[in-house]
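Asks: What follows is the residue order along each chain.
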Amino acid sequence: MTPIDSSTMTTVAAVMVVYLGVLLFIGWRAARRTHGGEDFHLAGRSLGAWSAGISSTASSESGWVTLGAVGMTFAHGVSGLWYAPGCLLGYLVNVYVVAPRLRPLSADQGSVTLTDIITRRWGDPRNVLRVTATTIILVCMMGYVAAQMTAAGKAFSSSLGLEGRTGYLFGIIIGAVVITLVTSLGGFRAVAWTDLFQGLLVAAALIALPLYAVMRLGGFDALVQGLGSISPHLLTASGDRVGPILWGFVIGQLGIGLGYPGMPHVITRYMAARNDREVQRLQVIAMLWGVAVFYGAGVVGLVGRVMLPDLADGEQALMALALKLVHPVLAGLLLAAVISAILSTVSSQLLVAASAVSYDIVEETLGKARDDRRSLLLGRITVVVVGLIGVLVALTEVRLVFWFVLFAWSGLGAAFAPLILLALTKNAVNRHGALAAMLTGAGVTVIWNLGRDPVASAAAFGRSWWIALLAAAVIIIVGEVSKAFAPADRVAVVAAAGLIAMSWWLVQQWGLANVYELVPAFFLAGLAALVVSRITTSRD
Amino acid sequence: MEQFNLSLGAHLLLWVFPLALIILVFVENHFDGPEGEPRQ
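Just so you know, the sequences run in chain order A and B. Residue numbers for the first sequence follow the numbering used here, beginning at 1 and rising by one. Residue numbers for the second sequence follow the numbering used here, beginning at 541 and rising by one.
The hints are simulated quantities; they were obtained by calculation from the structure and are not laboratory data. Keep in mind it's a predicted model, so treat the numbers as computed, not measured. The C-beta atom is built at its ideal place from N, Cα and C for all residues, glycine as well. Careful: at least some of the hints might be erroneous.
Negatives, chain A to chain B, calculated, CB over 12 Å [as the list claims (entries may be wrong)]: (1) Phe-25; (2) Ala-84; (3) Thr-166; (4) Leu-181; (5) Asp-221; (6) His-233; (7) Leu-330; (8) Ile-361; (9) Arg-373; (10) Leu-392; (11) Gly-479; (12) Trp-510.
If you only want the chain B side, here are some residues facing chain A, beta carbon under 7 Å, derived [what the hints assert, rightly or not]: (13) Val-556; (14) Phe-557; (15) Ala-560; (16) Ile-562.
Modelling step: build the complete structure from the supplied sequences, incorporating the hints.
Replies: Shown next as structure tokens:
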């Protein structure tokens, strides 16, 4: 980016401080209304359409929407926009299929988390489903939280003009302290309210900036001519891709949407909606937000390509355009929007990870802290501990954790999305099928992801099929020793291992590694759920 | 000077799809029937 003068930087930093102050104020207000466990984990099922709708969408879109999505159209032109229909089709399924069914089901069951939905839907006498689901959620969420904290640290340090390693560390700590404090004090309600504020900020930025930038460029035709003169490929839906590469790309981008019904930090918003009427209103709000944000980000990237020919990193286009085109106060708000996209996701994921530990493990699996005040205290302490771990991982940059981030979206999506859709729409699955689906979804995601880059990870990929079988053996042994497994659970684990090994074979023999792993993992997990349910009975 | 245009696919991807989606959402909301008492 071009160097910024110090008065602009001071103004931007002042706007950042106000923005952080607003977050803390919202957290404090929410804390005053949070009195017990269900309040902390689900805002007492009291959310209106705006907070439930915007919070669900803002939580699902992390920094990638203001950075990665912008970078896609900056690099590939209009063909970089394929993520938009993919994500919006995911939104459609979530708000029209999942939300209207999930809210009443969770209220009737008294479910608080996604894990609750699964275990209460099919029964879980020995906590097999709860332990499996919680493990997958924790592994994916901790990696996610740490990665988002790293992104927030980078965005804060560049917005506040902090330089070098010290600036980066300071940026991480500022973001982490504020968001951990807000989440710990106000729980779900604070997360939903801050998401609403931040989500509206993101939407305003991604509506106003592209409109203004296109106007400054001389109108839409000037944008088209500018892109065409760089390369005519920037004006087509296929770009410079042809044949199988084009289809693989399009299917992969559309496949992103398959993950939405399985995101615990997204679908718990629907569970917290006040009533069915709020869900009906939420549908319009969420869809409009999605269209505005995805297409706004896309147009920012297109304009950036024309207006900022020397920009080396297209993902910085929004921030660079903000500093180039508008008054420093507005630039500060636009940079706050970039950080908002990150922090709204961090807070939601922090809460899901904390709920997984304090509610799913300590309260439900171990049967501790069942009274409301102790549950609230336990939730708050867990948020702080999870936040601290996230900061430590982000600061020390533990590579293994960041490796898990590669699987976070697709792993959660494949493990839970088919299961949630089956739980809400069909009566053809039992708890053994549910176990098989979670293991298959998570396992196939890892195998397929490794296969995507067989040169870099050839050894790991080559070993992965027997690691899958070894993992299945370990799960069965643990299940037997702990006396948790019914005979049909063994069938579920063997079926999952078989499908994972089969997916390894598909990648090896058919060269399907370029297909986005969520697509095969999603369908194989659904298949596992239906087939295992068919060949087992729900009796032990 | 050469004039450039969006391809048909680019038109569909860039504005036809989101516009059609927004219209569908409003139509669905309009015809979703009168809102009764909210179910708690």
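Asks: Minimum C-beta separation from A/Gly-479 to chain B exceeding 12 Å: can you confirm that?
Replies: 40 Å, holds
Asks: Hold the hint about B/Ile-562 up to the distance rule: shortest CB distance to chain A must be less than 7 Å.
Replies: 6 Å, holds
Asks: Beyond 12 Å on every Cβ pair: is that true for A/Trp-510 relative to chain B?
Replies: 28 Å, holds
Asks: Is it the case that A/Ile-361 keeps its Cβ farther than 12 Å from each residue Cβ in chain B?
Replies: 30 Å, holds
Asks: Is the Cβ of A/Arg-373 more than 12 Å away from each Cβ in chain B?
Replies: Its Cβ never comes within 12 Å of chain B, the nearest being 25 Å, so this holds.
Asks: Just want to verify: A/Leu-181 was marked as not at the interface with chain B; is every Cβ pair farther apart than 12 Å?
Replies: Correct as stated: the minimum Cβ-Cβ distance to chain B is 32 Å, above 12 Å.
Asks: Check the non-interface label on A/His-233: least C-beta distance to chain B beyond 12 Å or not.
Replies: 10 Å, violated
Asks: Closest CB-CB distance from A/Asp-221 to chain B, is it above 12 Å?
Replies: 9 Å, violated
Asks: Evaluate the condition: distance from the CB of A/Thr-166 to the nearest CB of chain B exceeds 12 Å.
Replies: 43 Å, holds
Asks: Decide, holds or violated, for the assertion that all CB atoms of chain B are farther than 12 Å from the CB of A/Ala-84.
Replies: Since the minimum Cβ distance to chain B is about 7 Å, A/Ala-84 lies within 12 Å and the statement is violated.
Asks: Just double-check A/Phe-25 for me: nearest Cβ-Cβ distance to chain B has to come out over 12 Å.
Replies: 30 Å, holds
Asks: Grab the minimum beta-carbon distance between A/Leu-392 and chain B and tell me whether it stays above 12 Å.
Replies: 42 Å, holds
Hints 2, 5, 6, 13, 15, counting from the list given before, are not met by this structure.
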